[in-house]
Structures are given as structure tokens and as C-alpha cells.
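Colleague: Each chain, letter by letter, is given below.
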Amino acid sequence: MNPPDFFGPGHRACAGCGCVITLRHVLQALDGKCFVVNSTGCMEVVSTPYPESSWDVPYIHSLFENAGAVASGIESALKALGRKDEGKVVVIAGDGATADIGVQTLSGMLFRGHDVLYICYDNEAYMNTGVQMSGLTPLGAHTTTSPAGKVIPGNSLDKKDMPSFALAHKARYVATSSIAYLGDIKKKVRKAGGIVGPSYIQIHSPCVPGWGYDSSKTVEVARLAVETGLYPIFEYENGELISVRKIKKRKPVEEYLRMQARFRHLFKDERGKEIIEKIQEIADMNAKKFGLDA
Amino acid sequence: MSVFIVEVRIHGRGGQGSVTAAELLAISAFKDGLYSQAFPSFGVERRGAPVRAFLRISDSKITKKTQIYEPDYIIVQDPTLLDVERVDAGLKEDGMAIINTPKRAEELDYGINTELKTIDATRLAIEVLGRPITNTAMIGAFAGATGLISIGSIKDAIMERFSGQMGEKNARLAEIAYERMR
Amino acid sequence: MDEVVITLGGVVKPGTARKNKTGSWKVFKPVVDHEKCILCMRCVNYCPEPCISVVDEKIEMDYDYCKGCGICGDVCPVDAIEMVYETKG
Amino acid sequence: MIMRKVVEGSIAVAHAVRTIKPDVIAAYPITPQTHIVEKISEYIANGELNAEYVRADSEFSAISILVGASATGARTFTSTSSQGLALMHEVLFNAAGMRLPIVISVANRALSAPLNIWNDQQDSISQRDSGWIQFYAEDIQEAHDLLAIAYRVSEDIEVRLPSMVCMDGFILTHAYEPVELFEESEIRDFLPDYNPEVYLTTENPLTFGALATPEYYTEFRYVQTRAMERAEKKIAESLKEFNEHFQRGETDLLPVHGPEDGDVLVVSSGSLVSTVKEVAEKLGNDGFGVKVGKMLCFRPFPADAMRKIADGVDKVIVFEKDVSPGSEGAIFSEVKGALYHSENRPEAYGFAVGLGGRDVPERVLEKLIMECIRGERKEGFHFGDVRPVREAIL
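Sequence order for the protein chains is A, B, C and D.
Residue numbering for the first sequence follows the working numbering, beginning at 285 and increasing consecutively.
Residue numbering for the second sequence follows the working numbering, beginning at 255 and increasing consecutively.
Residue numbering for the third sequence follows the working numbering, beginning at 56 and increasing consecutively.
Residue numbering for the fourth sequence follows the working numbering, beginning at 217 and increasing consecutively.
Pulled out of the complex, with its shape left as it was, chain A reads as follows (with noise of 0.2 Å):
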């Protein structure tokens, strides 16, 4: 009864680190039988010091920006070498690589029609350096680039939508899931891993010290994500929307931002209270887009 593991453990990520728990559901989705790419970032540097390994599948870091494109010449090798039937190849990168500095890789990957699943997991910040803000981090947060000061109160963009970038670029498959839900993660992967030709899907990863909440707490905070619908979950098989993570009774955003000190700054001071409402705004909107209140 217990699922194989493709996936440490000896592993050196931070006790109670959520992006571990993507990565462990998505190679156990797949059973193993796939080629990992990852980019440059938390995954990466603690699994793999020399001359140790926690991977139990083929695994390739080149690095931080071009995942999409390492991934494209794997698939274009066991093509060529009429190996196709060894394994899907698999992009595992972490939000700054993907919606950042690999955007341009991932383009060019879902542009051409490479049949890779692309996995961004997304803890919302560059936190293998120490959490600084990227195109993924949401507004309002504080981080080491956008902290929360007398006159800028954290983060002031919201996160870029690249589950729409996928689905521009006709990407077969696209969806959102979250650790909260590891039957949703398992059966999402599968079902890309099915599908022949470039998918992507963004799991919501939560991250404890660049989020700040106590270890124990991850997936804890990674359903209120959802439940507040500021993280929606869904997704669209050839460009249409077929199913969406329904919520019984949409929680208020406080509840979630009011967990995790990278929001803390916010129920300080009016200025606070007013991005809560935008953030609200945002979940609101969420939900009106993809039907999320049941």
C-alpha cells in the first residue's frame, strides 16, 4: 500500500518545504517512467550536491533559464533515437524560472508542440536566494525586493497569469492544481502525461520561510489559498475550460493572508487594509472568471 517513491529521502529542503510534496506526487503520478528537467532553483540545489543524488529517474539541471529548451532537445533525441516510449519528459521548474527568466524557453517549447509536461511549481518568490519577488509573487507580499517599507507596502503587481501564456500558445493541456489536493495533482499529471504534445500545469507550493508560517502548516495554508479563491484551480483541455475546483463557502482573504508574516505589514495601517480589499478584489474576480462559488 505504499507508494513507490522516485524522490529521496536525504534530501537537504527545508522541513515542511510544499515543493517537495509536488515533486514527489508528480514523479509518482507518472510511476517513474519519465525524464526530469530542472531548472536552477530550490529542487535543484537540494537534491543534487555532488556526489549525491535524491532522483530516482533520469534527471538533467543545465540551467536557471532554459528548462523549456533542454527539455525540447530530450524529446527531440529520443525521437531521433527512437526511444520514445521510455518515458515522458518532464519540466520541473520553480516560479522565477518559469514566468522570468525561462519564459522564453517555455514559449518556444509549447510554440514548437514538444510533447513535454511542463510543472511550474509555484512558491510565489526566488527563494532559493532568499526570497526575492517574482513575476509570480502576489501583491501586496512582503520579500527581499519588494519588502514592505514607511512607503511602499511590499509587493505592488500581482502575479503574472501564465497558465493564459500557455493557453496562447495552444499548449494541449493547462491547469492549476495544489498541495492541498494531491489526488487533484496526481490526476491532472496523469492525464498530461497522456496527452501527446506540450502542457503545463502551475501547483501552488507553499514555502515556509519565504512565506513565513510554521512548518506543520503547509498544506494548511495551501487550501485557504484555494478556499479564498486567490488560488483557483482548473483546467482547460485544448484551449477549453472543462472543470473547475468548485468552493462550498469562499472564505474571506484575511484568513489566509493572516497566516503568513509576508503579509503581517497588511493589518497594521489603513494603507494595509486597502490592499486587503484589492486582494479581495482579485479573489473576487476569480471567482466571477471561473465559477468558483458553489
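It is worth saying that the hints were derived from the structure and are not from the lab.
Even for Gly, the Cβ is constructed at its ideal location relative to N, Cα and C.
Possibly wrong hints are sitting among the right ones.
Claimed, not checked - Only pairs whose alpha carbons sit at most 27 Å apart, straight line, appear in this in silico DSSO-like list of lysine-lysine:
hint, chain 1, residue 1, chain 2, residue 2
1, D, K221, B, K285
2, C, K68, A, K363
3, D, K221, B, K318
4, D, K552, D, K594
5, C, K113, C, K84
6, B, K346, D, K498
7, D, K237, A, K368
8, D, K498, B, K315
Claimed, not checked - To be clear about the criterion: a stretch of chain B counts as covered by chain D if any three or more of its residues have a C-beta under 8 Å from a C-beta of chain D, and this derived list gives those stretches:
hint, stretch
9, 286-292
10, 314-320
Unchecked claim - For the chain D half of the interface with chain A, some residues (derived, Cβ under 7 Å), not all of them:
hint, residue
11, V270
12, A290
13, G425
14, P475
Following the hints, complete the assembly by docking chains B, C and D onto the known chain A.
Modeller: Chains B, C and D in isolation, oriented as in the chain A frame:
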């Protein structure tokens, strides 16, 4: 060391096939058992701009890689170029200029001091090809005027380069120009 | 000096990080009350290491790797896992 | 049977690639490399080359694609120039560090700013520390032949380092010359199939691209440097074997032309070597003993061979198409570096010439060499063909 080396500069306008002319002459010379080399002047010029192509023919391996400053021959594909530049710059005293123009050599008021041959290649091309593309006429003319390359090789090179009817028409055009120049 | 092995291109064998016992990181360790446990597998599935498995129909924690994050206790639906302070040495 | 044809340099390179049969090719167009990738695209479109051809979104992606493909066990190829090679910079180190035998055909071109599409060698010379083997072709035949040698050396288990085969943009890529083109069967004899010992496969799930802490990094660079040293031997061997196979091409790592007892040694690389040879020959007729050293490969740098050919000469003159602002020409620096360890230290003169496509006629080289011979030039580095300049704001 080479016993003889001949250097040719072709003047034309972008789109007139000057590089192809140099290439075809190089291939033809090679077919005749000679060594040859062709290369364009490397520019960012677009269609219509004055361009140059270069050709070297020798009886031994050509190692020179520089541009040609003192040509033995110049080929001018477009008569309007005479108004914009000195096409005969550096032309050797015992060299020869072959110019596409409806004028006869003695009517051409350009001040070329070397041997000068003219041919109305544009009219010939229109007659034979139905289009004013003169490069195959000019290489035929070059072969006829200089005797350096056999017309058989020129026709072979053309037939290899252009397929079917286009090849035959161009080969015929080259041959007509060749005969005119002899 | 000791000789080091440098592999061609730095290629490494799979799963070799298992020799890195991360269990030393923990301050609190999870202890399972097998009476309460209903073997729902949530702790197994959520363990980030992963170091929880079912052995002889009982949840077993591999303390060699457990970093003591406490997720297992937090996700347990029947409060069968308690985090206790681990005295070291 | 020898297939000898007048073809454009780019076409000769594309033909060589076709016979070498890479499994994966990824490229991005840039002048003056375009004819190479256009011809390869044509082969693919006509079914004359059975490879995966990826039209990459940039040179950065093209070389990254090859990193993935090469790690999976594929033979790979790309071609680029100038800014494209510069854009690959980060990945070049990565490919070399992972010991992936990727081969790039570089159509040498100047770097911007100011924008310039013409030939010099600043693009590849400035990648000298990336861990790639660098060959410089003198003519089209050599650009074609060196590709086979590059694959053979790169894929050798004793080496396993990537190679770039550099050819002067336009001067070689766009020129037509008679070339002895490879037949597929003869290339098979010279270049065996690529079957790496370690590669990405689910049957043996290895980890590529590990992180090396300060405890290990030095040793990684150390073994890479040792592999370069072995590459030097392999290149020399491969040149000889190539010559036996095809009855053409250089047989030395650092070929010398001209009088053995010449008291002036001129070192140069790429197509410039041809012109230097012509000048040396002419000066020889005038009674000056000038021999020419051809920098066939710049990495590994043939320092021993350089000392050997410079033994007994009074003057060494380097002509190169690159400059390192704030220092001097890179080849000049390295030639001098090699000679520092020789008993005989000749006078050394270095000249940057032919930058940004400036043609280097024989008279320019002849004048510079004669100035050195007559002692009219100061020892050291100079711009060889620079005009008087007045600097102004606007």
C-alpha cells in the same frame, strides 16, 4: 606557384544574379580542368543596389582570400552602373571590360582605356528568356570574349543550376552571347 | 590527501542522497498512537522527505530522515500523531 | 571515388553535416551563418537527412536544446555567428562542464556595437575560456574536413569536450571553391557512431548537472583541463588519420609553412593564413626567411608546438582578427606566454587586422612584416590597419 591566375570583377545590381554569374563561371572553369574561386562582396545591400562579385581562375590551387583590386577583366551587367561608379577602377592596362549596353564600344563615352567589348545582353535576354535577366548572357559573353572557358562547360554548369526549360533557355542565351563575342 | 572521484560530466548515480541522514535536523519528533491511527495514509502522502510508510499494517516513521516539520500531525484527521520534544545526545 | 565540386563554403559545411548524420540539429538564423542552416533545412525537407531539426527561438535555446539532446545520447549540431555565439555564452560553459560533445560550426563575425555583420574572430576568440575545443579553418575544404575531425575528437572518451569549428564569415561561408566532398561511406569509416557510456535513460536513471560545492569544483575544472590536454594529442592523431584516410589536410597541430630556418615566424589563424603565406612566399623571393605558423586550433593552445616552431627565430609576428581592449590580441598574448618558457625569446610583434570585415590585402601584411624586420616597429601590440583617428563628442 601558379603559372597563371586571372582575376575578374563583376558589377551588377542586387537581384541581377552577379554572384550566380561568378559561381557559374567558377564551376565552368572547374569543369574545364582549372582551379577557380568565386565570392561576393559582402554587404547589406538590398535589391537594386550596386553589388560586386569576384572570380579567380588559375591552373593551380588558389589560396588568395583577399578581394580583387586589380582585375584582369571586368564584367558590367547593368549599363546604369556607369553613371554611379568607376567600374574600371584598378583594371589592368592589358585587361578587358565587357559591358552590357546597347551601344557599340566606340560609342561608349566612359573613358575606359583598356580593350572594351559591349553586348546588348538585356535585349538578348528579353528575346530568349522573356525577362531582362542578363547574368547567363554575360557569362557566355565572357567566355566568347576571353576564350578562357569553353562554352560547353558553361552550358553544362547552367543546365545543372537551372532545371528543365529554364536551363535550356539560359544555356541557349549564353551560347548566343558567346557567338556574338567571338 | 584523500583521492576524490570525479565522474565524467559530474554524472551521479540515482538515490545516492540516502546516505544523508536528515533526521538530525529535527527538534520535535512525531510519535504515532497506533490505537488511534486509522491508516488513512494522509501522513504517508504528505511527508515531504518522504520517510513515513506502512509496515505490518502500522505507520512507521523513519527518524533517520524525519526533519520534524509536523505536517504529518497537522494533516492527521484523528490526531493520532503527537510532536514531542526530542532530547539529543 | 572522390567527389570534387565547386560549392559555396556554407554548402560544403552543410554537406559535411549531412554525411556525419547528427541525430538532433537546432539552430537560429544569423548572418553569415544562414546558408548553412538553410541548406540543412533543405536536406531535411527533401528527406536527404534524417535528423530532428529544431527551429529554436534563439541561439541560447538552440544550444540548450543540444545540451538536452546530447545528454540523451544524441549526436548534435548547430551553427551560429557573432551575437548568436555571445548569446550562447552561458550554455557553452554548461555544455563543456557536462562534457557533452556538441559541435558548432561558427561563421566568424564581429561583435556589436557598432553593428557589423562582417568577418573577424572576436566572437569565438572571446569564448576561449568556455571549455570548448576551437578549430580555425583556413579554407572551405578545411572547414568541411575539420567537422569530421571535431566530432571524432569531441566524442572520444578520452576527451568528451565540445568543439567549435570556426570559419571566417563571408570570406569562407560565401565563397565558391572546388571542394572534395565526403562520401557517406568514407565518413562512416573515419567517424564511428556515437554511443556514450552514460546518458539519460529510464533504464538507468542517472543524474546529470549536479551541484559541486567548493569541496569538489576545483577538481572538476582540473579534470576538464586534463581532458583538454588529452584533446591536444587526439587532435594531432586525428589529423594524421584523416590524412591517411582522405589524402588531404594538415598533419600537424600547428602546421608550419615556409623555410624551416626562417628567422621570422608569422602566426595567424583562419583564412588570413592563406594571405600570410602568399606574402611570406613573396618575401622569401626577396631574400627574407619568413615562415608561417598556422593556428589550426586555439583551444587547446599548442604551447609546446609553438615553442618548437619559434625555436631559433629572431622575431615572431602575430596577425589576428580580434582585440581585448585594455590588453592586446588574445593570440598574441598566448603566443608570448608560450615563448616565455623557451630559452630563445624572440622579439614579439602583434597586430590586430581585418576587424569588422576590413579586407587584409597582401600589401598591408607585407608592409607590417617589413616594418618589423627593419626594426621600424616597437615590440608589442598594434592595430595593424588603423587609419589616423580624431576623437570627438559629436
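Colleague: The structure should be examined with respect to each hint, and the outcome stated for every one.
Modeller: Going through the hints against the structure:
no.: 1; hint: K221(D) <-> K285(B); in the structure: holds, 9 Å
no.: 2; hint: K68(C) <-> K363(A); in the structure: holds, 25 Å
no.: 3; hint: K221(D) <-> K318(B); in the structure: holds, 19 Å
no.: 4; hint: K552(D) <-> K594(D); in the structure: holds, 15 Å
no.: 5; hint: K113(C) <-> K84(C); in the structure: holds, 17 Å
no.: 6; hint: K346(B) <-> K498(D); in the structure: holds, 21 Å
no.: 7; hint: K237(D) <-> K368(A); in the structure: holds, 20 Å
no.: 8; hint: K498(D) <-> K315(B); in the structure: holds, 17 Å
no.: 9; hint: 286-292; in the structure: holds (count 4)
no.: 10; hint: 314-320; in the structure: holds (count 5)
no.: 11; hint: V270; in the structure: holds, 6 Å
no.: 12; hint: A290; in the structure: holds, 4 Å
no.: 13; hint: G425; in the structure: holds, 4 Å
no.: 14; hint: P475; in the structure: violated, 50 Å
Hint check: a violation occurs at hint 14 only; the rest are consistent with the structure.
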